[in-house]
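Asks: Okay, here's what each chain looks like letter by letter:
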Amino acid sequence: MSYFNQPVLAFLKSMMGSVRDLAPIILVIGFFQLFVLQQPLENVGSLLSGVFFVIIGLTFFIYGLEMGLFPIGESMAHAFARKGSVFWLLTFAFSLGFGTTVAEPALIAVADEAAKVAARSGHINNHMDAMNSYSTGLRYTVALSVGFAIVIGVLRILKNWPIHFMIMVGYVMVIIMTAFAPDEIIGIAYDSGGVTTSTITVPLVTALGIGLASSISGRNPMLDGFGLIAFASLTPIIFVLGYGMIV
Amino acid sequence: MDFFNILGDKLISTLFDVFPIAVIIFGFQFLVIRKRVPHIKKVLIGMFYVLLGITFFLLGLEQALFPVGRMMAEQLTNPEFLETVRITTGALHWQDYYWVYIFAFAIGASTTIAEPSLIAVAIKANEVSGGSISIWGLRIAVALGVAVGISLGAYRIVIGAPIHYFIISGYVIVVIQTFYAPKTIVPLAYDSGGVTTSTVTVPLVAALGLGLAETVPGRSALIDGFGLIAFASLFPIISVMSYAQLSAWWARRGNESE
Chain C
1 MSYFNQPVLA
11 FLKSMMGSVR
21 DLAPIILVIG
31 FFQLFVLQQP
41 LENVGSLLSG
51 VFFVIIGLTF
61 FIYGLEMGLF
71 PIGESMAHAF
81 ARKGSVFWLL
91 TFAFSLGFGT
101 TVAEPALIAV
111 ADEAAKVAAR
121 SGHINNHMDA
131 MNSYSTGLRY
141 TVALSVGFAI
151 VIGVLRILKN
161 WPIHFMIMVG
171 YVMVIIMTAF
181 APDEIIGIAY
191 DSGGVTTSTI
201 TVPLVTALGI
211 GLASSISGRN
221 PMLDGFGLIA
231 FASLTPIIFV
241 LGYGMIV
Chain X
1 MDFFNILGDK
11 LISTLFDVFP
21 IAVIIFGFQF
31 LVIRKRVPHI
41 KKVLIGMFYV
51 LLGITFFLLG
61 LEQALFPVGR
71 MMAEQLTNPE
81 FLETVRITTG
91 ALHWQDYYWV
101 YIFAFAIGAS
111 TTIAEPSLIA
121 VAIKANEVSG
131 GSISIWGLRI
141 AVALGVAVGI
151 SLGAYRIVIG
161 APIHYFIISG
171 YVIVVIQTFY
181 APKTIVPLAY
191 DSGGVTTSTV
201 TVPLVAALGL
211 GLAETVPGRS
221 ALIDGFGLIA
231 FASLFPIISV
241 MSYAQLSAWW
251 ARRGNESE
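Protein chains in written order, with the working numbering: chain C, 1 to 247; chain X, 1 to 258.
Mixed in with the good hints there might be a few duds.
As the list claims (entries may be wrong) - Derived BS3-like pairs: lysine-lysine, alpha-carbon spacing no greater than 27 Å straight-line: (1) X:Lys35 / C:Lys83; (2) C:Lys13 / X:Lys42; (3) X:Lys42 / C:Lys83; (4) X:Lys183 / C:Lys159; (5) X:Lys10 / X:Lys42; (6) X:Lys41 / X:Lys10.
Said to hold, decoys possible - Label pairs and their calculated CB-CB ranges: (7) C:Pro182 / X:Ile6: 37 to 45 Å; (8) X:Phe30 / C:Glu42: 47 to 55 Å; (9) X:Pro79 / C:His123: 29 to 37 Å; (10) X:Ser132 / C:Pro40: 20 to 28 Å; (11) C:Pro182 / X:Ala22: 32 to 40 Å; (12) X:Ser134 / C:Ala23: 16 to 24 Å; (13) C:Gly17 / X:Ala22: 23 to 31 Å; (14) C:Pro162 / X:Ile87: 47 to 55 Å; (15) C:Ala23 / X:Leu246: 20 to 28 Å.
Keep in mind that the hints were calculated from the coordinates and are not lab data. Quick reminder that beta carbons are idealized off the backbone N, C-alpha and C, glycines included.
Given the sequences, and given the hints that come with them, work out the whole structure.
Replies: Quick look at the structure:
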């Protein structure tokens with residue numbers, strides 16, 4: 001009866017899932033274009049083929065996620081837990097946070113914008129050199145802060161520190177520093193928390209946390225495995241506010 | 001042939017982005033752990049799929065969704081369009097931007113549903129919680145949080161209020177909720193703030209913020225255009241904790257009536 005073998009059927013099934021994930025965006029854009037702005041869609045052909053690529057992409061991504069990205073993250077977490085070397089685990093945590101952030105395209109874009117803001121407000125010189133060094137400094141600051149965040153988050157899992165207490169300390173620091181940081185940097189600092197966590201970093205870091213929490217006895221993966229991303233999106237705010245105060 | 005050139009370029013630029021991560025993972029694997037990865041072949045194929053997936057995903061977004069999204073953000077904030085749909089008289093008031101708020105809500109919710117990193121976290125949360133957190137429950141809770149966050153952020157740009165009042169009020173709500181929400185949801189809720197804003201949401205939302213800040217009188221694109229992403233990463237924390245509180249309350253009510 002069946003002309004398809006098992007993998008092809010599974011792939012088609014997850015492709016249908018991607019179609020369903022994308023349908024809301026198509027509906028929103030279609031509704032606003034036709035009923036609110038009352039303009040016909042241009043380039044329908046390239047639009048449709050673009051949507052098709054997005055569907056293919058999402059399908060492959062989720063397929064590969066469970067085949068490759070989650071297993072490698074967890075197997076490394078287990079291996080580090082067995083090895084028992086806190087030093088190497090923390091070094092790995094820092095490299096993962098720093099390395100995945102420093103080249104993040106969204107961060108590069110935000111850092112360049114921030115340099116323009118600083119130059120326009122007279123905070124730094126309106127020269128290419130000054131702006132470049134400002135934006136590079138900002139990028140390394142954010143990457144350092146994410147590396148630091150993953151280290152703190154891994155230490156929390158090892159030492160069983162309460163997460164809500166640490167997040168609240170972070171909030172208090174943000175509030176205090178907001179009062180002293182220059183006005184122009186505040187919006188950028190708050191935004192930098194959101195742009196650091198990319199599509200590859202999130203699954204890897206999540207798998208690392210859950211792998212660690214499930215291989216250390218007395219830890220609950222639900223309570224202790226999550227939370228790494230939370231640190232990674234809070235520390236950049238603090239570090240960027242600090243950068244704005246010093247530079 | 002042109003298509004294959006573009007695809008090739010995109011694949012190479014994605015490879016460059018992924019390169020540091022691959023160096024870190026395999027460096028530590030071979031130099032520090034020094035053990036063979038279980039099912040190495042399957043893992044490598046899986047990582048190749050991830051790479052291919054991101055390449056196609058970005059290619060499609062750049063070809064189809066980003067140009068349309070940016071154009072719509074520009075048109076909806078255009079004073080000429082606003083004149084035709086306004087509901088007050090005299091100078092433009094914040095109420096006249098109602099289509100902007102509705103668009104912010106709808107585009108925030110729908111792009112979050114399609115966000116790959118949120119899907120990844122939802123799959124893991126479902127697995128780790130033994131199924132008590134449903135994949136769709138979490139995704140919809142986060143999407144609603146982003147939707148409310150971005151609409152509120154758009155409103156802030158229109159009225160020109162300082163961003164830190166909103167963010168600090170949000171923090172206060174998060175802190176209060178933390179004490180009342182079921183304990184197991186708290187770390188996941190904190191995480192969901194960071195996962196919402198990556199590939200799909202950031203470019204579209206940034207375009208909306210910039211469009212608004214450029215056209216609303218008295219706003220500066222450079223200063224007021226920022227901040228929407230901050231709203232989009234704060235409000236999901238609140239909505240995910242609310243989701244857990246509501247389902248706990250619902251379960252308690254069910255038990256009492258039995």
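Asks: Run through the hints listed earlier and report the numbers of any the structure violates, in increasing order.
Replies: 10
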